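Asker: Here's the letter readout for the chains.
Protein chains: 2
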Amino acid sequence: MNFLEERIQKDGIVKEGNVLKVDSFLNHQMDIELFKQMGEEWKKRFADANINKILTIEASGIGIACVASDYFKAPVVFAKKSKSINIEGDMYIAEVESFTHKCKNQVIVSKKFLGPDDHVLIIDDFLANGCALQGLISIIAQAGATVEGIGIAIEKGFQSGGRVIRNLGYRLESLAIVDSMDAETGQITFRQ
Amino acid sequence: MNFLEERIQKDGIVKEGNVLKVDSFLNHQMDIELFKQMGEEWKKRFADANINKILTIEASGIGIACVASDYFKAPVVFAKKSKSINIEGDMYIAEVESFTHKCKNQVIVSKKFLGPDDHVLIIDDFLANGCALQGLISIIAQAGATVEGIGIAIEKGFQSGGRVIRNLGYRLESLAIVDSMDAETGQITFRQ
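Residue numbers (our numbering), protein chains in the order written: chain A, 1 to 192; chain B, 1 to 192.
Since the hints were made in silico from the structure, they are not lab data. Model, not experiment: these values are computed from the prediction. Check the hints yourself; a few may be wrong.
Pairs count within a copy or across copies, as identical chains cannot be separated in the list.
Okay, derived cross-link-like pairs now, BS3-like style, lysine-lysine, Cα gap no bigger than 30 Å in a straight line [claimed, not checked]:
id : residue 1 : residue 2
1  : K112      : K73
2  : K104      : K44
3  : K81       : K15
4  : K15       : K112
5  : K111      : K15
6  : K44       : K15
7  : K36       : K104
8  : K111      : K10
9  : K104      : K81
10 : K112      : K10
11 : K104      : K73
12 : K15       : K43
13 : K21       : K112
14 : K10       : K44
15 : K80       : K15
16 : K43       : K73
17 : K104      : K43
18 : K80       : K44
19 : K80       : K112
20 : K21       : K111
21 : K73       : K36
22 : K36       : K15
23 : K10       : K104
24 : K21       : K104
25 : K44       : K73
With the hints as extra help, turn the sequences into a complete structure.
Answerer: Below, the structure written as C-alpha cells:
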C-alpha cells in the first residue's frame, strides 16, 4: 500500500451505499502534509509532462491543487459550479449531470484564464462517475488548451468514470483506486 | 505599499458598485507564490499566537488557507455553505445573511473537527460586511474553541465588517485595506 492507501485504511470510514468518508484528512479537514506527499507523487508520475496550468473544481479540489501546484510551479484555476445561467462576462461553460445529486449543474471558467497555449494538469479529490471531470475536459477543449494529464486522489474503481477516461486515451493517475468496500466489516480493497 | 497592495494596484480591476475584481490572482486563477508571501506575512504578524488549527470557508478561502497553513503547521478545516437544513451528522451551524446576495445561508462545520482544545486562526480572501466571518466566529464559539486571530487578504475598509470585528476585540490582520475605489479612473486608495 502507498501512503494514501494507508491513510484511507486508517482514517477512512465506509458507509452504506458505497460511500467512503475521508473528511478527517481530505475534504473537510485537510492534512496539508499529506497533500504535499500527493503533489510530490504526481510530480514524479508526470515528470516528463510539460504543465503550465492546473485546473480543479470547487470546493474540495482547491486545497489539494494549490498545495500540489508548488511541485509544478504553475498557477491554479478553479472551475466554479453554478446553477444559474446568468454568468457575467466571457466564460467557458460545461453542463454537468450529477448522478449522485440527480441534477444538472454548470461548470464555468473565465476565458481569461485558459487558452490555446495552456498545457493543463487536472487535479481533483474524487473520481467516481466522472461527470465533473468530463466537464473540465470539455472546458479545456473549448479553450483550445491541452490536457496533459489528470491527477486524482481517490478513484472509485467500481464505478465507470476512470475506465471511460482511460479508454478515451487520457493519462489518468489516481493515487488510490478502491476496487471494493464493505460497510459492514469496514474492509477496503485497493487495486494492485 | 506592501506586496499585496502592489499586486492589487497592478492587476485588480475596479468596477461600478464598489466591486474589486482580483480573479486573475486571488479567487479564480490563484497565484500560489503570492499565497506563500501572504502566509509568511500572517506568520510574522501572529508569531506569538498559539495556533493549532486554521478555519476558512468555501470556496475562495480554501487555497489561501491551505498554502498559508504550511507556515503554521496546522491542519485546515473549511466551513461548507449550505442552503439545505438536512445536514447529516453532528454539525455546528451558523445562519449567515448575505447582503450581497440578499439571501440567508447556513455555514456548517462537523463537530469532529473543532473542539475546546482548538486555537484557531480564521483565514479568508475578502472582508466586506463580515457576514461570513461572523458565522465562522459563531461556530468557533459553539465549539468552545478560541479565536486566536483573523487573517484577511483584502478588507474593504469603507464597509463595516472590519470595524465591527475590531470593536469586538478580535485580532484582525488584513494584508490590504482598501479605503476607497473609483471605477472611472481605476484609482484604489489603501489605508496607511
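Asker: Taking the earlier hints as the rules, which of them does this structure contradict?
Answerer: 2, 6, 7, 11, 12, 17 and 23
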